[in-house]
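Participant: Take a look at the letters that make up each chain.
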Amino acid sequence: MNDIQAAQQEIIDDFALFDDWQDKYAHIIDLGRSLEPLDEIHKTETNKVKGCQSQVWMYSCTEEDRMVYKAESDALIVNGLVAILIRIYSGRQATDIVEASNDFFAQVGLDKHLSMNRTNGLFSMMKEIKQRAATSLA
Amino acid sequence: MDYPIDTIRDDFPILSAKTDSGAPMVYLDNAATSQKPSVVVDAIRTYYEETNANVHRGMHHLAEKATAEFEGAREAIAAFVGAPDARSVIFTRGTTESINLVAQAWGRKFLKAGDEVVLSIMEHHSNIVPWQMLAQASGVRLKYIPMLDDGSLDLEAYRALLQGPVKLVSVTHVSNALGTVNPIAEIISLAHEAGARILIDSAQGIPHGPVDVTALDADFLAFSAHKMCGPTGFGVLYGKEALLEVMDPFLGGGEMIHTVGLESSTWADLPYKFEAGTPNIAGAIVTRTAIAYLQGIGFDAIEKQVHDVTDYAVKALSRVEGLTLHGNPPERGGALAFNMEGLHPHDISQIINEEGIAIRAGHVCCQPLMERLGRPAIARASFYFYNTVEEVDRLVASLDTVKKIFRI
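So the protein lines, in turn, are chains A and B.
Under the numbering used here, the first residue of the first sequence is numbered 36, with each subsequent residue one higher.
Under the numbering used here, the first residue of the second sequence is numbered 103, with each subsequent residue one higher.
If you're looking for bench data, these hints aren't it; they were derived computationally from the structure.
Note that the structure is predicted; figures quoted are calculated from it, not measured.
Taking lysine to any residue and the SDA-like style, the derived pairs with C-alpha atoms no more than 20 Å apart in a straight line are:
id, chain 1, residue 1, chain 2, residue 2
1, B, K506, A, A61
2, B, K505, A, H62
3, B, K505, A, D55
4, B, K211, B, D350
5, A, K83, B, H465
Kindly generate the complete structure, drawing on both the sequences and the hints.
Facilitator: Following this line, the structure appears as structure tokens:
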């Protein structure tokens, strides 16, 4: 199990503590509320993640051989998803990010609510994270 | 007689649908598209099972039947909008194409650099972008009628704009975001006094009550079938015959020609000049069915139900703490827009979707209006004649769930 898989498992375990969808959402919202806000200078048009219906800005850089992601959304639920994705993917090796599985949200028990094909931007954010990791390897 | 709401709802099987999580659905996204009654769904099937053939071409039984039904639909739609002649009813894919048609086929030919086109700040993107494309190609300037704080158009500012070299005014009949019903009769007569032509975008207007283009003296009027119980991909452009006659075609192809040579062609007569290619035949025929369905219920009854439910929703939502309703126009159609303190509209719509409530959240294709409201997005509930006050109660109750989950 690499760092990414370990972080995914941790999140799956966290969500297992909540029985119903309302509590799961409340947890996502808490994660969003405690996410460190993105520096205003990074909220640029080029950092906007395309395909999200709410606004999501994503900043990334490399530190040694690891990708660092910082992001923020103006919608709270999406910001919670941002927090989850950052916890999983930020500070990881680009090769691991590129190869990481996308389907762990199903195991969180929210697949009916947060599936990749919904317009919550999850898909677009994942794509952006992987793309930037791939670019750093190129 | 009491309004037969139960019978009406039975006409729409989809209204009994449940969401993935098993919640009974409350459909409050009618400004995006209306649901379709069984009679319309059946008519689509009947068309393909009993009539299907290409129109205006074959000389066989089915071709003649299809053509007769297709042209019959044109006659019926012409009568529905009060057009003096069916020749002035052009079939399109919808309001968007209708507006693009005028921008390209009329605008490019008759407008020149320096001429002005007046729009309003509350227009849908489909009544902004086609004019921007024209402006970029021809140097036409765009001017916008501003909005007052109550969500109505600033008619004083409109009068002032008309002092300029305005050749066309293109405004919405009813705002898709705020529900504002604009005083189109007055807007039209002011445009004409200033010597300008006028296009009315009635996508959100005509589903709630018939419009008489002759009485209004509208030059152009556009609408879509799918917002009035008809199919998607079918719409209408009404234009005064004299204007349509002198316009060049919009799209080239089969059906729209009189003769075709190797270097050039001559155009078919109205309305076919603007209907290149095989049209949406079923769309036209079934739209006639949809109109007949609405007329069967009665537009007075439809208008009253939508008004009552919307009015009830305005009052109920006004009592929700931390909720801001946008605008309080003198006359409101079946839509209203709101925001909740500390929440993005997507947060609201995502949570209430779990309880089966379907609303729209976003910029609702009105980014200039969002700018004016000072919000990146709004939540919009929009009603049609099959909605009830009980459904409004469920919307309001679902907002309590939102507050609980977000702890606000």
